[in-house]
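Please model the entire structure based on the sequences and the hints provided.
Keeping their order, the protein sequence lines are chains R and X. Per this note's numbering, residue 1 is the first one in the first sequence, and the count goes up by one each step. Per this note's numbering, residue 1 is the first one in the second sequence, and the count goes up by one each step.
Certain hints may be false.
[Claimed, not checked] Listed next, the stretches of chain X that the computed footprint assigns to chain R, with coverage defined by at least 3 CB atoms under 8 Å from CB atoms of chain R:
1. 45 to 53
2. 93 to 103
3. 171 to 182
Hints listed in this document are in silico derivations from the structure and should not be mistaken for laboratory results. Virtual Cβ for every residue (Gly too), placed ideally from N, Cα, C.
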Amino acid sequence: MATVSTSEFKSGLKFILDGDPYTIVENEFVKPGKGQAFSRVKIRNLKTGRVVDKTFKSGEKVEAADVMEVDMEYLYEDGEFWHFMEPTSFEQHAAEETAVMDVKHWLKPQEKYIVTLWNGSPLSATPPNFIELQITECDPGVAGNTAQGATKPATVETGAQIKVPLFVEEGEMVKIDTRTGEYLSRAKDS
Amino acid sequence: MDWSPNTTQQTRKSRAQMLHDIRAFFLQRNILEVETPALSQFGNTDPFIESIQCIQHKSESSELRYLHTSPEYPMKRLLAADSGDIYQISKVWRAGESGNKHNPEFTLLEWYRVGFSYQKLMQEVEELLSIVLPDLPKKPQFKTYESLFLEKFNINPHIATNEQLIDCVREHIDHLDTEGMNNQSLLDAILSFCIEPEFESSHLTFVYDYPVSQSALAQIRQTEHYPVAERFEVYLGQSELGNGYQEEVDSKRNKQILNDENQARKDFNLETVKKDHLFLAAAEKGIPASAGVAIGLDRVLMCITGEKSIQKVINFPWDKA
Numbered sequence: 001m002a003t004v005s006t007s008e009f010k011s012g013l014k015f016i017l018d019g020d021p022y023t024i025v026e027n028e029f030v031k032p033g034k035g036q037a038f039s040r041v042k043i044r045n046l047k048t049g050r051v052v053d054k055t056f057k058s059g060e061k062v063e064a065a066d067v068m069e070v071d072m073e074y075l076y077e078d079g080e081f082w083h084f085m086e087p088t089s090f091e092q093h094a095a096e097e098t099a100v101m102d103v104k105h106w107l108k109p110q111e112k113y114i115v116t117l118w119n120g121s122p123l124s125a126t127p128p129n130f131i132e133l134q135i136t137e138c139d140p141g142v143a144g145n146t147a148q149g150a151t152k153p154a155t156v157e158t159g160a161q162i163k164v165p166l167f168v169e170e171g172e173m174v175k176i177d178t179r180t181g182e183y184l185s186r187a188k189d190s
Numbered sequence: 001m002d003w004s005p006n007t008t009q010q011t012r013k014s015r016a017q018m019l020h021d022i023r024a025f026f027l028q029r030n031i032l033e034v035e036t037p038a039l040s041q042f043g044n045t046d047p048f049i050e051s052i053q054c055i056q057h058k059s060e061s062s063e064l065r066y067l068h069t070s071p072e073y074p075m076k077r078l079l080a081a082d083s084g085d086i087y088q089i090s091k092v093w094r095a096g097e098s099g100n101k102h103n104p105e106f107t108l109l110e111w112y113r114v115g116f117s118y119q120k121l122m123q124e125v126e127e128l129l130s131i132v133l134p135d136l137p138k139k140p141q142f143k144t145y146e147s148l149f150l151e152k153f154n155i156n157p158h159i160a161t162n163e164q165l166i167d168c169v170r171e172h173i174d175h176l177d178t179e180g181m182n183n184q185s186l187l188d189a190i191l192s193f194c195i196e197p198e199f200e201s202s203h204l205t206f207v208y209d210y211p212v213s214q215s216a217l218a219q220i221r222q223t224e225h226y227p228v229a230e231r232f233e234v235y236l237g238q239s240e241l242g243n244g245y246q247e248e249v250d251s252k253r254n255k256q257i258l259n260d261e262n263q264a265r266k267d268f269n270l271e272t273v274k275k276d277h278l279f280l281a282a283a284e285k286g287i288p289a290s291a292g293v294a295i296g297l298d299r300v301l302m303c304i305t306g307e308k309s310i311q312k313v314i315n316f317p318w319d320k321a
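Rendered as structure tokens:
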């Protein structure tokens with residue numbers, strides 16, 4: 001197994017700790033002029049998303065993680081797995097529910113996602129920051145109502161629940177920020 | 001290519017002013033500015049400081065030299081040659097030390113006062129720092145190493161066993177594996193992660209009287225219960241600025257220290273380093289009773305300019321050098 005020493009630590013480096021893959025969020029070099037050097041890191045568990053602190057002595061080694069981020073197209077869900085495809089090689093990858101748990105409501109066929117692979121299996125998927133989705137369910141629009149800040153609940157084609165302005169109609173395409181789940185605007189060509 | 005300096009013109013002016021103020025301070029006190037070699041035949045034996053090695057290729061052979069990590073040994077040879085009080089501002093190099101507070105190449109101010117006690121030198125450090133850092137609050141804190149550990153953890157660092165220190169590390173430091181840590185590195189971990197963060201920001205804190213495992217080249221004093229090392233460190237807020245000693249002048253003990261450090265290197269599976277025989281020869285001739293201190297000037301400049309990263313006060317830090 002390939003190992004990485006603390007001297008190679010930097011944000012984004014991925015390694016295995018207690019059997020789980022982690023990525024370094026922040027790395028701080030700590031050393032008294034006359035003493036032991038340490039690396040204090042904030043690391044994110046790539047399975048759970050949890051961020052924890054850890055302190056290493058300089059020179060300690062960790063096991064490198066075979067983790068890759070690949071652009072993929074989302075295909076479909078079969079009730080057990082969520083299927084993605086690499087657009088250049090057409091290679092397909094099946095993700096378990098735990099891997100897509102947080103983003104299930106933003107999965108739209110043919111849309112591009114960043115899929116994190118660990119030892120070749122999908123670990124997580126990241127949706128694009130902005131996505132255009134169709135409103136499948138909401139109360140009828142109130143004509144002429146442009147009151148600032150007034151919203152109503154709506155459901156989009158992927159199943160996510162969002163809040164939209166009162167004038168938005170069922171069947172319209174809207175642009176959403178997937179990081180916050182906020183409505184941004186009507187999609188330009190709808 | 002990003003060729004441009006990391007500093008602002010204001011920071012460059014602050015550095016020039018700082019260097020000017022320091023030289024004026026020493027001139028006024030009749031302390032002589034000296035130079036010693038940056039590239040030496042000998043390296044630093046300290047197991048926690050790694051010298052950068054340089055190789056000079058010749059037609060038949062090659063010669064290994066070390067960039068100095070501080071000008072300590074040759075400056076002590078000047079003291080042994082009756083130089084009297086001396087100071088030096090020089091670039092020094094420490095392999096692998098990179099971060100927000102570290103650059104492998106940095107500027108060190110080091111000075112020696114013949115006949116001074118380390119207490120008197122601490123006062124002089126305060127006088128110098130209050131000139132280059134005029135906005136400092138008047139009163140610095142003076143704390144013994146022992147009082148810091150007693151107040152925070154009720155542990156006496158001079159007599160604590162490694163088992164006690166390991167328990168303390170396990171309880172208070174996130175996931176640090178204590179395997180292979182010796183007394184010195186356990187104390188370093190507790191001081192760095194649990195005690196230094198509580199130093200009053202924008203105040204000078206002097207920590208003095210270190211455990212013997214932390215003595216380096218400081219003189220050891222016998223107290224009623226245990227020996228202590230006459231060493232001090234000065235901090236501004238949480239930032240370590242300098243380190244000073246009542247210098248060990250006993251030639252046998254200096255030899256012993258260098259041997260012990262090389263032994264510690266073996267214990268840590270590190271390459272041993274060629275001892276500075278010229279320093280040891282000078283020590284045998286006799287280094288006068290003196291106190292000495294080294295201050296990291298880039299850290300001081302960070303305090304002057306308010307920059308949070310050392311990379312912002314060095315024109316061309318490591319990645320741009």
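Please count how many residues of the region 45 to 53 of chain X have a CB within 8 Å of a CB from chain R and say whether that reaches 3. Result for this restraint: holds, n = 3.
Can you tell me if the region 93 to 103 of chain X counts as covered by chain R, using C-beta to C-beta distances under 8 Å and a minimum of three residues? Check passed, 7 qualifying residues.
Check, residue by residue, whether the region 171 to 182 of chain X contains three or more positions whose beta-carbon lies closer than 8 Å to a beta-carbon of chain R, and give the verdict. Satisfied; 7 residues make the cut.
Hint compliance for this structure: no hint is broken.
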